[in-house]
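Novice: Hey, can you work out the whole structure from these sequences and the hints?
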Amino acid sequence: MDRESILLIRQYLLGIVAVVEKALGEPLTTSEMRKWFKKFGPPPDQAREQLEG
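When we follow the numbering used here, the leftmost residue of the sequence shown carries the number 1, and every step to the right adds one.
Some hints here could point you the wrong way.
Heads up, simulated SDA-like pairs for lysine to any residue below, C-alpha to C-alpha not over 20 Å straight-line [said to hold, decoys possible]:
1. 39 <-> 18
2. 35 <-> 3
3. 39 <-> 28
4. 38 <-> 3
5. 38 <-> 4
6. 39 <-> 19
7. 22 <-> 2
8. 38 <-> 21
9. 39 <-> 24
10. 38 <-> 2
11. 39 <-> 14
12. 35 <-> 2
13. 39 <-> 9
14. 22 <-> 11
15. 35 <-> 20
16. 39 <-> 10
17. 35 <-> 23
18. 39 <-> 13
19. 35 <-> 17
20. 35 <-> 1
21. 35 <-> 14
22. 22 <-> 4
23. 22 <-> 5
24. 38 <-> 20
25. 38 <-> 27
26. 22 <-> 1
27. 38 <-> 18
28. 39 <-> 23
29. 35 <-> 18
30. 22 <-> 32
31. 38 <-> 16
32. 39 <-> 17
33. 22 <-> 37
34. 35 <-> 4
35. 35 <-> 5
36. 35 <-> 12
37. 39 <-> 12
38. 22 <-> 6
39. 22 <-> 3
Everything labelled a hint here was simulated from the structure, so no lab data went into it.
Keep in mind that this is a model prediction, so the values were computed, not measured.
Specialist: Laid out in C-alpha cells, this is it:
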C-alpha cells in the first residue's frame, strides 16, 4: 500500500471519529476507540500485520 492510500484511509477514519464525537457531544477516549475497532475491525496497521503474518 502506498503512502497516499494510507493517508486517505487515515483521513477517512478520522472523519468517522469526528462524526461520532459530534453525535455524542464529547470526544472519544482511547478505550472507546478500541471498542469501536474491535466491533468494526482492527486499525489498518494490525490488519496489515494479520495479512502478512
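Novice: State for each hint whether it applies.
Specialist: Checked hints:
The suggested pairing of residue 39 with residue 18 holds, with an alpha-carbon distance near 18 Å, which does not exceed 20 Å. Annotation: proposed proximity of residue 35 to residue 3 is violated, straight-line Cα distance about 27 Å (limit 20 Å). Of the supplied pair hints, the one linking residue 39 and residue 28 holds, its CA atoms being roughly 15 Å apart against a limit of 20 Å. A hinted pair counts as satisfied when its Cα atoms are at most 20 Å apart, and residue 38 with residue 3 does not qualify at roughly 25 Å.
Restraint check for residue 38 and residue 4: not satisfied, since their Cα atoms lie roughly 25 Å apart, outside the 20 Å limit. For the hint linking residue 39 to residue 19, the alpha-carbon distance of about 17 Å falls within 20 Å, and the restraint holds. The straight-line distance between the Cα atoms of residue 22 and residue 2 is roughly 31 Å, outside the 20 Å bound, and the hint therefore fails. Distance hint between residue 38 and residue 21 is fulfilled; the C-alpha atoms sit about 18 Å from each other, no more than 20 Å.
Between the alpha carbons of residue 39 and residue 24 the distance comes to roughly 18 Å, so the proposed pair stays at or under 20 Å and holds. For a cut-off of 20 Å, the pair hint linking residue 38 to residue 2 is broken: about 25 Å separates their Cα positions. About 17 Å separates the Cα atoms of residue 39 and residue 14, which keeps this hinted pair within 20 Å; it holds. With a C-alpha separation of about 28 Å, the suggested pair residue 35 and residue 2 falls outside the 20 Å cut-off, and the hint is violated.
About 18 Å separates the Cα atoms of residue 39 and residue 9, which keeps this hinted pair within 20 Å; it holds. With a C-alpha separation of about 16 Å, the suggested pairing of residue 22 with residue 11 holds against the 20 Å cut-off. Taking the CA atoms of residue 35 and residue 20, the gap is about 13 Å. The hint holds against a cut of 20 Å. A hinted pair counts as satisfied when its Cα atoms are at most 20 Å apart, and residue 39 with residue 10 qualifies at roughly 18 Å.
Among the hinted pairs, residue 35 with residue 23 is consistent with the structure: their alpha-carbon atoms are about 17 Å apart, no more than 20 Å. Note on residue 39 and residue 13: the hinted pairing holds, with a Cα-Cα distance of about 14 Å set against a maximum of 20 Å. Between residue 35 and residue 17 the CA atoms are separated by roughly 12 Å; this keeps the pair inside 20 Å, and the hint holds. Among the hinted pairs, residue 35 with residue 1 is inconsistent with the structure: their alpha-carbon atoms are about 26 Å apart, more than 20 Å.
Of the supplied pair hints, the one linking residue 35 and residue 14 holds, its CA atoms being roughly 15 Å apart against a limit of 20 Å. Straight-line distance between C-alpha atoms of residue 22 and residue 4 comes to about 27 Å, which puts the hinted pair past the 20 Å bound. With a C-alpha separation of about 26 Å, the suggested pair residue 22 and residue 5 falls outside the 20 Å cut-off, and the hint is violated. Simply put, residue 38 and residue 20 have alpha-carbon atoms about 16 Å apart, close enough for the 20 Å limit, and the pair holds.
Annotation: proposed proximity of residue 38 to residue 27 holds, straight-line Cα distance about 18 Å (limit 20 Å). Distance check on the hinted pair: residue 22 and residue 1 sit about 31 Å apart at the alpha-carbon level, beyond 20 Å; violated. For the suggested pair residue 38 and residue 18, the alpha carbons sit about 18 Å apart, so the restraint of at most 20 Å is met. The hinted pair formed by residue 39 and residue 23 meets the criterion: a straight-line CA distance of about 18 Å does not exceed 20 Å.
Distance check on the hinted pair: residue 35 and residue 18 sit about 16 Å apart at the alpha-carbon level, within 20 Å; holds. A hinted pair counts as satisfied when its Cα atoms are at most 20 Å apart, and residue 22 with residue 32 qualifies at roughly 15 Å. Simply put, residue 38 and residue 16 have alpha-carbon atoms about 15 Å apart, close enough for the 20 Å limit, and the pair holds. Between the alpha carbons of residue 39 and residue 17 the distance comes to roughly 14 Å, so the proposed pair stays at or under 20 Å and holds.
Note on residue 22 and residue 37: the hinted pairing holds, with a Cα-Cα distance of about 18 Å set against a maximum of 20 Å. Between residue 35 and residue 4 the CA atoms are separated by roughly 27 Å; this puts the pair beyond 20 Å, and the hint is violated. Of the pairs offered as hints, the one joining residue 35 and residue 5 is violated, with about 24 Å between alpha carbons and a cut-off of 20 Å exceeded. Simply put, residue 35 and residue 12 have alpha-carbon atoms about 18 Å apart, close enough for the 20 Å limit, and the pair holds.
Between residue 39 and residue 12 the alpha-carbon distance is near 17 Å, which keeps this suggested pair within the 20 Å criterion. Note on residue 22 and residue 6: the hinted pairing is violated, with a Cα-Cα distance of about 24 Å set against a maximum of 20 Å. With a CA separation close to 28 Å, the supplied pair residue 22 and residue 3 exceeds the 20 Å bound.
In terms of the numbered hints stated before, the structure departs from hints 2, 4, 5, 7, 10, 12, 20, 22, 23, 26, 34, 35, 38, 39, listed from lowest to highest.
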